[in-house]
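Novice: Here's the letter readout for the chains.
Number of protein chains: 2
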Amino acid sequence: MTERINKRWRLAAYPEGMVDESAFQYMEAPVLPPGDGQVLVKVIWLSVDPYVRGRMSPVKSYVEPMKVGQTIAGQSVGQVLESRHPRFDKGDLVLGFTGWQSYAVMPGEELEKVALRALKASYALGVLGMPGLTAYFGLLEVGKAREGETVLVSGAAGAVGSTAGQIAKIKGCMVVGVAGSDEKARWLTEGLGFDAAVNYKAHPDLREALGAACPNGVDVYFDNVGGTVSDAAIGLINQKARIVVCGQIAHYNAKNPPRGPRILATLLVNRARAEGFIVYDFQQRFPTAMVELQRWMAEGRLKARETIIEGIENAPKAFLGLFEGANTGKLLVKVGEME
Amino acid sequence: MTERINKRWRLAAYPEGMVDESAFQYMEAPVLPPGDGQVLVKVIWLSVDPYVRGRMSPVKSYVEPMKVGQTIAGQSVGQVLESRHPRFDKGDLVLGFTGWQSYAVMPGEELEKVALRALKASYALGVLGMPGLTAYFGLLEVGKAREGETVLVSGAAGAVGSTAGQIAKIKGCMVVGVAGSDEKARWLTEGLGFDAAVNYKAHPDLREALGAACPNGVDVYFDNVGGTVSDAAIGLINQKARIVVCGQIAHYNAKNPPRGPRILATLLVNRARAEGFIVYDFQQRFPTAMVELQRWMAEGRLKARETIIEGIENAPKAFLGLFEGANTGKLLVKVGEME
Numbered sequence: 001m002t003e004r005i006n007k008r009w010r011l012a013a014y015p016e017g018m019v020d021e022s023a024f025q026y027m028e029a030p031v032l033p034p035g036d037g038q039v040l041v042k043v044i045w046l047s048v049d050p051y052v053r054g055r056m057s058p059v060k061s062y063v064e065p066m067k068v069g070q071t072i073a074g075q076s077v078g079q080v081l082e083s084r085h086p087r088f089d090k091g092d093l094v095l096g097f098t099g100w101q102s103y104a105v106m107p108g109e110e111l112e113k114v115a116l117r118a119l120k121a122s123y124a125l126g127v128l129g130m131p132g133l134t135a136y137f138g139l140l141e142v143g144k145a146r147e148g149e150t151v152l153v154s155g156a157a158g159a160v161g162s163t164a165g166q167i168a169k170i171k172g173c174m175v176v177g178v179a180g181s182d183e184k185a186r187w188l189t190e191g192l193g194f195d196a197a198v199n200y201k202a203h204p205d206l207r208e209a210l211g212a213a214c215p216n217g218v219d220v221y222f223d224n225v226g227g228t229v230s231d232a233a234i235g236l237i238n239q240k241a242r243i244v245v246c247g248q249i250a251h252y253n254a255k256n257p258p259r260g261p262r263i264l265a266t267l268l269v270n271r272a273r274a275e276g277f278i279v280y281d282f283q284q285r286f287p288t289a290m291v292e293l294q295r296w297m298a299e300g301r302l303k304a305r306e307t308i309i310e311g312i313e314n315a316p317k318a319f320l321g322l323f324e325g326a327n328t329g330k331l332l333v334k335v336g337e338m339e
Numbered sequence: 001m002t003e004r005i006n007k008r009w010r011l012a013a014y015p016e017g018m019v020d021e022s023a024f025q026y027m028e029a030p031v032l033p034p035g036d037g038q039v040l041v042k043v044i045w046l047s048v049d050p051y052v053r054g055r056m057s058p059v060k061s062y063v064e065p066m067k068v069g070q071t072i073a074g075q076s077v078g079q080v081l082e083s084r085h086p087r088f089d090k091g092d093l094v095l096g097f098t099g100w101q102s103y104a105v106m107p108g109e110e111l112e113k114v115a116l117r118a119l120k121a122s123y124a125l126g127v128l129g130m131p132g133l134t135a136y137f138g139l140l141e142v143g144k145a146r147e148g149e150t151v152l153v154s155g156a157a158g159a160v161g162s163t164a165g166q167i168a169k170i171k172g173c174m175v176v177g178v179a180g181s182d183e184k185a186r187w188l189t190e191g192l193g194f195d196a197a198v199n200y201k202a203h204p205d206l207r208e209a210l211g212a213a214c215p216n217g218v219d220v221y222f223d224n225v226g227g228t229v230s231d232a233a234i235g236l237i238n239q240k241a242r243i244v245v246c247g248q249i250a251h252y253n254a255k256n257p258p259r260g261p262r263i264l265a266t267l268l269v270n271r272a273r274a275e276g277f278i279v280y281d282f283q284q285r286f287p288t289a290m291v292e293l294q295r296w297m298a299e300g301r302l303k304a305r306e307t308i309i310e311g312i313e314n315a316p317k318a319f320l321g322l323f324e325g326a327n328t329g330k331l332l333v334k335v336g337e338m339e
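Those sequence lines, one after another, are chains A and B. Residue 321 in the numbering used here sits at position 321 of the first sequence; the count goes up by one each step and never skips. Residue 11 in the numbering used here sits at position 11 of the second sequence; the count goes up by one each step and never skips.
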């Protein structure tokens, strides 16, 4: 066996404002053997997610910031090449926070087996993984979406948004998506069964466009983006509406605290609620949710799309594309082939 | 008996921007006798409340807007002079939405008896009325304040704020108030037992001042005011914080939708919640709350203060004073004497 070379990306410096390639430093080094209790994983699929921008900042949030020099954070699906942990065998498919690299030596405790026999392994990073669970708990637990209500989803063509909208349809809601191109909007209505979709770039008066798409107002606003899309959406909320604050990608690269219309008075006169959450708040209920998500997929009621970028070398480029809306559905980097 | 003259204030025109006396029109007319099922009430105490500004606008909110020509909305405590309703007798003290006038003929169904033997009748408009219940449910149900948490209250020297802060103390919270003068701040700490109070007008860097007063951050922000006070407060929230949106007096006179720092990203990274409510959302539980409020008053743990303006003629002046922070505690107009 030839020596394996690990290719990884580490944080070169905390970016200020819009992140660019200078934040990432590429490194190569020989792969080391696993120690006792450790597992050597070959990364197959790497998940590239907007929340990583938040960790590329020295400001503390609900997760620790990355440190300069650290491997860029990321979850992936990989294959066990060598195991010194009793729970894993060579060849197992595993899920773990390996970071942006092609091989990872991980403590066995930080890995879990991927058991999706009939389905694609990469779904463990998308519709049957963190994004799918985020959509599920955000919509149903934070948003308390109920049959007959209008659910408006921003970032609706992304991994979380597209799943949230489909779950809302399954639950009998009227669902409207906001996305960044006509093609994405068409996918939402024709491909996923959304009742309507609005390309926010095509409407100078977005509030009017969303108002026309939501004739009964908005009961649940599932927000992945923030910014002016949210301004328009929040202007349409009904009495007792819920704003699910799932992502704010419009602001992740902001240098200064962004300003916009104040919303507390809107919450007050509508007796409405806005709530931020992270999916791990619901960790104990992941198994139940997963059963439902898998069933809906098996029934063809929940569909997943992936945008795939080839090669770990292109991970930064893939990541930067998130902020330009380059992806439809789950954004993945294909890092390696199964052996 | 000489003819009784009703003095009333009606809406002259919808004010634009800051309300002034031109919005109010004074009228006198003979008092009419009650019809079948009606009650003639002599108004003794009139409650003057910020929410009335919201109703002086043609924009629909959770309540119907007032119409031009209509008597200005207000709740009062009065005395029954004549009853043609079986539930009321002459001399009874009653509570009802009589509006800003000295006599009112009301359907008996819209009145309730005031039964506060040992206490002042005016408390039915304050600590043992809508403001007290608003504080109670806002803090405990919307805010879910728990022992050991830090509760920050804006508009803390007002009727709702002063009660919310005292209930938080009773529940074992660390309580900090924000008010508009040193004298009010002193009353909060020395008179009501708040742990700290900040005169927002005395601090150019309010966030720093509030940060010093809340060394453990803010778990519940009970907001009566909005604006820059809220900006500073929201900058200090902890993980899983609750923002109770009870009032936004800083914005009630705004001509244009006010702008300020966006808060959705703050809610997201803190997994926090902001929620508007009105007290009537909890109407079915008023009796239970009232028992607790009365007990705390009897035990001396809950104190009430009133600012009293004499004469229905001065009701508009009293109302305008609300927006300048002229009142400490509950603002009342003393309209008439008991007969």
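One thing to keep in mind: the hints can contain errors.
In this list, chains with the same sequence are indistinguishable; a pair is considered to hold if it fits within one copy or across any two.
Okay, derived cross-link-like pairs now, BS3-like style, lysine-lysine, Cα gap no bigger than 25 angstroms in a straight line [as the list claims (entries may be wrong)]:
1) K144 with K334
2) K240 with K60
3) K240 with K144
4) K120 with K67
5) K67 with K201
6) K255 with K120
Think of the hints as simulated: they come from the structure by calculation, not from any bench.
Novice: Each hint should be assessed against the structure and marked as holding or not.
Specialist: Each hint tested on the structure:
1. K144 with K334: neither (36 angstroms within a copy, 46 angstroms between copies)
2. K240 with K60: Between copies only: 15 angstroms across chains, 32 angstroms inside a chain, cut-off 25 angstroms.
3. K240 with K144: Classified as both: same-chain Cα gap 11 angstroms, cross-chain 18 angstroms, threshold 25 angstroms.
4. K120 with K67: For K120 and K67, the Cα distance exceeds 25 angstroms both inside one copy (33 angstroms) and across copies (62 angstroms).
5. K67 with K201: Neither way: K67 and K201 sit 36 angstroms apart in one copy and 40 angstroms across, limit 25 angstroms.
6. K255 with K120: neither (39 angstroms within a copy, 55 angstroms between copies)
Violated hints, in rising order: 1, 4, 5, 6; the structure is consistent with all others.
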